[in-house]
Amino acid sequence: MAQGNFILREKEYLALQASLKKLLANSYAKVVFLVDKNGSLIASAGATGDFDTTSLASLTAGNIAATGGLASLIGEKEFSILFHEGERDNMHISVVANRIILVVIFDRRSSVGLVRLRVRRTATELERILRDIDAGAGKEEEGDFEELTEADIESLLK
Amino acid sequence: MSFINYSSREINCKIVYYGPGLCGKTTNLQYIYRRTNPESRGKMISLTTDTERTLFFDFLPLSLGEVRGFKTRFHLYTVPGQVFYDASRRLILRGVDGVVFSADSQLTRMDANVESLENLQVNLREQGYDSDRIPLVMQYNKRDLPHVASVAELHALLNYRNVPEFEAVATTGVGVFETLKAIIKLILIDLKKGGR
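Chains A and B, in that order, are what the protein sequence lines are. Going by our numbering, the first residue of the first sequence is number 2, and it counts up by one from there. Going by our numbering, the first residue of the second sequence is number 488, and it counts up by one from there.
Source of the hints: derived by calculation from the structure; they are not laboratory data. Only a predicted model underlies this, so the values are computations on that prediction, with no experimental measurement involved. We put the CB at the ideal spot given by N, CA and C, even for glycine. Among the clues, some could well be false.
[Stated by the list, open to error] These stretches of chain B come out as covered by chain A in the derived footprint (C-beta under 8 Å, 3 or more residues):
1) 490 to 503
2) 524 to 537
3) 549 to 555
[Claimed, not checked] Each pair of labels, with its calculated beta carbon distance range:
4) A:GLU155 to B:ARG540: 34 to 40 Å
5) B:ASP537 to A:GLU88: 21 to 27 Å
6) B:ARG522 to A:LYS22: 36 to 42 Å
[Unchecked claim] Looking from chain B toward chain A, a few residues come up when the C-beta cut is under 7 Å (computed):
7) ARG540
8) LEU542
9) PHE546
Assemble the whole structure, with the sequences as input and the hints as a guide.
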């Protein structure tokens, strides 16, 4: 396989959430979320109930993947920041540590300059947490799925 | 690459439907969407051209209940089948946990099936996967049409790995859920092995 599974434990998950909450408050955003490059939602903060976060995560990852493809066509490694401006809401999308995507949705209460500034600080924090996740990879709970039985799988597929 | 969140006790897996243009990949997802309990599925997203051909991908999130105390979520994607969308296909294969290869059973589409399967192997290898080991299921679609190849012929032509194979008519749902269940099972067995 290309890579092992991405395993997120309680401690790092809470750290990611705390970091997102801080970003939400400091940037006056409506919602912020973290997505892996495959389109799975990792964590979020803010008015998540107003958005279809699963679809947002998938399309964001698709967007980053397509933009990355464009970047390589013109000889760039990637475009690490994308900004979409709407009539009411705007999206600031950035790639952190070349592997996760940080999305900030904000309206006129904030500004792209402020969001950009706060995102930069948050990215440093997130990179640190990602290093912790990597350091913990391959330990403890990974055995949970070894005990998965045929019956478990069959009951899920009923 | 599955995403396992021990805090929210969730597993996320990615399934990609691959195959030549007009073989019925999107139709598979549309049928699954129609026949799944609304509480178990999210919104289906289709990024299509003006003529309803898949431009980038279709996406359908499904929640299938719990296994070993973990909620299971499967993200179903299709690729655009037309040959010239290869760059998009490569992107969609990123992080895939299992592939459904949907073949068009019509005799006139045999070359397109082979070309698409070879393209899948190349693109999987390019993403760092072992194309002979990744969970894979074969679906022989459009069995209701005239002038189709026999299952034995399709098997000989495409199923060199001897993976589970299903006859299907995606428009009416024949074989659609059987195919989906088979790939989910292979993905979970792969997860259990943990050797990824």
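Going through the hints against the structure:
Residues of the region 490 to 503 of chain B with a Cβ under 8 Å from some Cβ of chain A number 8, which satisfies the need for three, so the listed coverage holds. Check on the region 524 to 537 of chain B: 4 of its residues sit with their Cβ under 8 Å from a Cβ of chain A, so the three-residue criterion for coverage holds. For the region 549 to 555 of chain B, the stated coverage by chain A holds: 5 residues have a C-beta nearer than 8 Å to a C-beta of that chain, and at least 3 were required. Range check, GLU155 (chain A) to ARG540 (chain B): about 37 Å between beta-carbon atoms, so the 34 to 40 Å window is met.
Roughly 24 Å separates the CB atoms of ASP537 (chain B) and GLU88 (chain A), a value that falls within the hinted 21 to 27 Å. A beta carbon spacing of about 39 Å between ARG522 (chain B) and LYS22 (chain A) agrees with the range 36 to 42 Å that was offered as a hint. Because the closest C-beta pair between ARG540 (chain B) and chain A is about 17 Å apart, greater than 7 Å, the hint is violated. This hint is violated: LEU542 (chain B) has a C-beta 11 Å from the nearest C-beta of chain A, more than the 7 Å allowed.
Here the hint on PHE546 (chain B) is kept, as its CB sits about 5 Å from the closest CB of chain A, short of 7 Å.
Of the numbered hints given earlier, the model fails hints 7 and 8; all others are met.
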